[in-house]
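Trainee: Please work from the sequences and hints to get the whole structure.
There are 2 protein chains.
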Amino acid sequence: MATKYFPNEPTGPKVVQFPGPISTAKKESLHKVFDSRATYFVVDYKKSIGNYIVDVDGNTFLDVYAQIASIPLGYNNPALIEVAKSDKMINAIVNRPASGNFPAEELEETIQDLLAVAPKGQNQVWSGLSGADANELAFKAAFMWYQAKKRGYATAFSTEENDSVMKNQSPGSPELAILSFERSFHGRLFASASTTCSKPIHKLDLPSFNWPKAQFPSYKYPLDKNEDANKQEDQRCLDIVEDLLKNWKCPIAALLIEPIQSEGGDNHGSSFFFQGLRDLTLKYGSLLIIDEVQTGVGATGTFWAHEHFNMSPAPDMVTFSKKFQTAGYYFHDPEIVPNVPYRQFNTWCGDPARMILGGAIGKEVKSNDLSAVCKRVGEYLYGKLEALQAKYPTYFQDLRGKDRGTFIAWSFESGATRDKFLTDMKQSGINMGSCAETSIRLRPTLVFEEKHADILLAAIEKVISGY
Amino acid sequence: MATKYFPNEPTGPKVVQFPGPISTAKKESLHKVFDSRATYFVVDYKKSIGNYIVDVDGNTFLDVYAQIASIPLGYNNPALIEVAKSDKMINAIVNRPASGNFPAEELEETIQDLLAVAPKGQNQVWSGLSGADANELAFKAAFMWYQAKKRGYATAFSTEENDSVMKNQSPGSPELAILSFERSFHGRLFASASTTCSKPIHKLDLPSFNWPKAQFPSYKYPLDKNEDANKQEDQRCLDIVEDLLKNWKCPIAALLIEPIQSEGGDNHGSSFFFQGLRDLTLKYGSLLIIDEVQTGVGATGTFWAHEHFNMSPAPDMVTFSKKFQTAGYYFHDPEIVPNVPYRQFNTWCGDPARMILGGAIGKEVKSNDLSAVCKRVGEYLYGKLEALQAKYPTYFQDLRGKDRGTFIAWSFESGATRDKFLTDMKQSGINMGSCAETSIRLRPTLVFEEKHADILLAAIEKVISGY
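Chains as they are written, first to last, in the numbering used here: chain A, 1 to 467; chain B, 1 to 467.
It is worth saying that the hints were derived from the structure and are not from the lab. Heads up, a few of these hints could be off.
When chains are identical, the list treats them as one kind, so a pair holds in a single copy or across two.
In silico EDC-like links for lysine to aspartate or glutamate, alpha-carbon gap of 20 Å or less [unchecked claim]:
{"#": "1", "residue 1": "K47", "residue 2": "E109"}
{"#": "2", "residue 1": "K46", "residue 2": "E82"}
{"#": "3", "residue 1": "K375", "residue 2": "D224"}
{"#": "4", "residue 1": "K213", "residue 2": "E160"}
{"#": "5", "residue 1": "K231", "residue 2": "E105"}
{"#": "6", "residue 1": "K420", "residue 2": "E9"}
{"#": "7", "residue 1": "K47", "residue 2": "E106"}
{"#": "8", "residue 1": "K27", "residue 2": "D454"}
{"#": "9", "residue 1": "K213", "residue 2": "E161"}
{"#": "10", "residue 1": "K426", "residue 2": "E379"}
Mentor: Given below as structure tokens:
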């Protein structure tokens with residue numbers, strides 16, 4: 001696919017000088033008007049192509065981080081450029097509707113394109129603007145669902161509810177919780193940050209809801225040699241979840257979980273664990289929300305990562321953003337639509353321009369079976385990394401992501417070594433990302449192929465062999 | 001300007017059949033995949049032009065609601081179509097960057113375009129995705145600022161802070177508040193909904209932060225005949241604010257207010273009141289955040305509505321969205337940038353595509369002095385409405401918005417009459433919006449002129465004279 005989309009993709013990285021002088025100067029200048037302290041380098045997106053990102057100094061990096069796991073089809077993908085030039089897109093850009101009140105004639109078609117790649121069992125969409133927004137919109141739906149059930153689906157609210165909510169007090173503003181997991185990442189707005197639990201820096205100084213955190217399994221690797229211990233770990237974690245669902249100080253409207261905890265370290269859970277969660281949420285009357293913001297859209301070898309688990313029944317809501325370039329949640333139960341209008345509502349109700357792009361991305365991924373490409377390339381890459389692991393075990397601890405496409409990670413003995421490795425890789429022309437305290441996460445585009453994997457592997461070995 | 005931009009704009013509305021059969025069928029069909037209960041009519045945005053919105057049945061409405069106060073320059077504005085077709089826009093659509101880590105070469109220029117229309121005294125921007133998002137990002141900045149000051153600007157966090165925040169507990173997750181006002185609207189995510197206080201439906205069933213609400217002045221109209229009473233009202237409200245700043249159960253990091261409470265009823269406050277708030281926030285060490293999501297970008301006769309008040313010093317943050325088509329906050333004090341990186345951070349840090357559009361909108365408004373157009377047309381319209389008020393006083397209570405451009409509102413004796421009026425106006429070819437329980441708010445585009453005002457006024461009189 002890289003060849004089809006990008007006949008002129010570079011054949012390898014090229015580092016002129018990193019960090020380069022132009023990038024350094026531009027970063028400094030930008031900081032006067034926009035916080036640029038997190039900038040790695042300033043990018044020339046016009047020159048970036050396919051799997052290669054080009055900075056303003058002409059450094060060309062093979063990009064296996066892809067805008068924090070967000071570029072689906074490579075830079076300047078010609079299919080998406082066509083969509084960006086289309087009358088439909090231009091119309092969506094200049095005439096942004098308040099889609100709840102005045103939807104465009106084309107909105108249903110746009111939504112149908114998003115539904116064409118919906119996870120199994122999902123048949124409706126509510127749209128938002130970012131991963132954090134998508135999750136919080138799902139929380140809103142969960143809380144409204146929970147209370148509607150409690151009041152027997154009455155569509156009128158009591159005077160006491162109407163009065164108390166204006167004072168931010170119960171019963172109109174009830175004590176309810178979302179249950180999430182230690183090491184999870186679900187965003188950085190106030191409610192989403194209250195569910196996020198990977199690093200203090202994400203939420204220090206923010207007032208938060210005191211919502212419960214269960215434990216996500218910590219497996220022993222390799223998985224095939226530690227089956228019993230890991231199953232025990234699953235059960236231990238399920239027991240904690242059940243205890244919280246039974247005994248937390250307020251009702252838990254929904255359980256929120258990533259199929260693979262990404263920012264928190266690429267932590268995996270088994271099908272047994274996820275089916276166990278599905279069963280527990282049904283037993284205790286909570287909803288199950290799967291956060292596919294980082295895991296969704298093909299990279300794990302299936303379009304949605306939680307499809308690997310074959311959970312039954314399907315999750316109640318599945319949130320998305322990042323590689324889909326549009327945000328929101330899928331659902332299927334009509335009761336997830338609040339039983340009074342104007343409750344799940346806001347001015348724009350999403351961005352049709354980004355929704356059109358998301359639909360186009362879905363079509364490209366499906367019609368070119370890019371999930372299968374990720375599966376194939378992932379198997380190739382994982383096998384080669386296993387070989388490197390055998391050779392340099394210190395630098396390849398807990399290799400993770402077998403049978404999960406290119407969604408691969410591993411750990412170093414320390415954060416300092418990991419950070420040095422990342423810097424050395426940039427010097428070698430590879431742009432990579434980290435997760436948790438000591439890990440690397442690979443998040444290439446969906447058009448990353450064996451030839452790119454070979455370049456990545458050669459650079460890794462060159463760097464590691466020097467340690 | 002309407003003539004310059006839209007030589008082919010319709011000369012008046014045309015109602016074929018409302019609600020039309022195609023719109024009704026499409027609304028129903030859309031509802032199967034996307035909650036469409038709030039839909040007034042389904043729109044053909046391709047055919048909509050200038051101040052006229054065209055539905056799928058061919059009904060042509062003069063639009064003085066403009067996507068809930070969000071369309072700045074009329075439908076299918078040719079200047080914005082040019083921008084939407086530009087290479088810069090196409091690049092921003094297909095290569096959406098994680099702008100914190102990998103900013104585009106053009107980002108600084110894009111930000112400078114937004115700064116070219118910044119409120120007086122503001123010189124930096126942080127970008128978001130919607131009005132609610134913009135406000136919550138401003139809250140985050142305020143809380144981080146407050147705590148940084150408290151810990152003497154140390155850049156290290158204590159072990160206790162790092163540990164407690166992972167449990168959503170103090171001191172890492174402190175008890176701090178945002179002070180807002182009764183009848184305010186600031187969005188519907190969890191923290192923003194905790195500050196919103198206009199209608200129960202916006203926040204029922206959502207857990208919330210129990211943050212304080214002061215009272216926004218309720219003036220007697222007409223203003224020029226009630227100066228003493230209204231000044232007393234200002235002082236009464238300022239005293240409530242001071243009491244809350246002094247005595248609320250936890251520290252108040254910021255005070256949040258709209259220059260004109262919009263969703264809550266087009267409630268106005270005087271320069272005296274706003275300067276009083278500025279003084280109180282300085283006296284008690286809180287920040288002042290002005291929410292210009294609905295009021296900003298020209299309609300009130302100045303680019304930013306709070307510029308009418310000449311507050312000194314300038315507010316600490318000014319949030320924007322809607323007519324700017326991009327969201328975020330302006331600020332000026334370097335201390336508003338959190339003193340450790342990666343705190344005010346997320347994957348995308350805004351949307352460059354929408355930021356480019358915002359910059360272009362700013363340029364058009366400035367270069368054509370559309371604020372002055374709104375001032376001129378607003379004076380004309382307000383004068384004519386005063387005449388109607390004299391003739392039909394029952395249907396024009398508390399006429400508001402003198403010297404505030406086209407940002408005009410009035411009230412009916414009851415919600416039922418107001419709702420009937422809105423329906424009758426749609427039948428007469430005018431798409432209008434309401435606010436609070438009994439009011440009408442006018443929110444035309446910035447290219448609404450005397451000739452459009454005449455059509456609006458004629459329709460209003462025709463409907464009202466029949467009551």
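Trainee: Tell me, which hint numbers fail for this structure?
Mentor: 5, 6, 8 and 10
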